[in-house]
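*Asks:* Sequence:
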Amino acid sequence: MAASDLSIPPVKAFALHVYARSVHPELFDPHESIHFSNPSCKGVASLGPYHHIVTLHIGAHTLTEVVAHDTMALPSHREILSERFGRETTFRRTTVGDVSYLTNTQRETVSESIYRQIHRDLRAMTTRRGLYLQPKGFHRALSAPFGAMRIALEAHALHVTTFHGLGDQFTLLKTQSIFDLTS
Numbered sequence: 288m289a290a291s292d293l294s295i296p297p298v299k300a301f302a303l304h305v306y307a308r309s310v311h312p313e314l315f316d317p318h319e320s321i322h323f324s325n326p327s328c329k330g331v332a333s334l335g336p337y338h339h340i341v342t343l344h345i346g347a348h349t350l351t352e353v354v355a356h357d358t359m360a361l362p363s364h365r366e367i368l369s370e371r372f373g374r375e376t377t378f379r380r381t382t383v384g385d386v387s388y389l390t391n392t393q394r395e396t397v398s399e400s401i402y403r404q405i406h407r408d409l410r411a412m413t414t415r416r417g418l419y420l421q422p423k424g425f426h427r428a429l430s431a432p433f434g435a436m437r438i439a440l441e442a443h444a445l446h447v448t449t450f451h452g453l454g455d456q457f458t459l460l461k462t463q464s465i466f467d468l469t470s
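Quick note on our numbering: the sequence shown kicks off at 288 and runs consecutively.
Label pairs and their in silico Cβ distance ranges:
#1 S320 <-> A428: 22 to 30 angstroms
#2 H348 <-> E399: 39 to 47 angstroms
#3 S398 <-> A307: 38 to 46 angstroms
#4 H348 <-> I401: 39 to 47 angstroms
If you are wondering where the hints come from, they were derived from the structure by calculation, not from laboratory data.
Quick reminder that beta carbons are idealized off the backbone N, C-alpha and C, glycines included.
Start from the sequences and build out the full structure, keeping to the hints where you can.
*Replies:* See below:
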């Protein structure tokens, strides 16, 4: 989706995908990225207003989480999980060696005033510690779509929280994921 495209995908178009390999962030435009590492692992997180990608490399293994809408061309090679966003769902998969992957996904539609407050709070929080992106053309309006991500890398775990706000629908898509390296 081009940065200037003002159409917002419908909520029902979004899904969580998990791969036992890397997925190229170049497939997604626009995006902001952050790299992270510790002695146990290294990785990169990329965020767009309608998608995110978190890739974690642990030794010779790789695990990638993607949230995207169904008009984006995603690969199927080595995909180990693909689920649409429901109201609330928890998945647990042991995927790469001793790495345990746990995620909770939520879809919530709220009033315009609550959406604006959540948007304001997330923009303030993630511009200080994380990633925030809003598509061009929305002029930072609080009812606009956005993507927000926080990452906490610890010695033996990676915690990722993302929000995708779909402004015209006043809907939030949230993922909370833990990549546990001690399982």
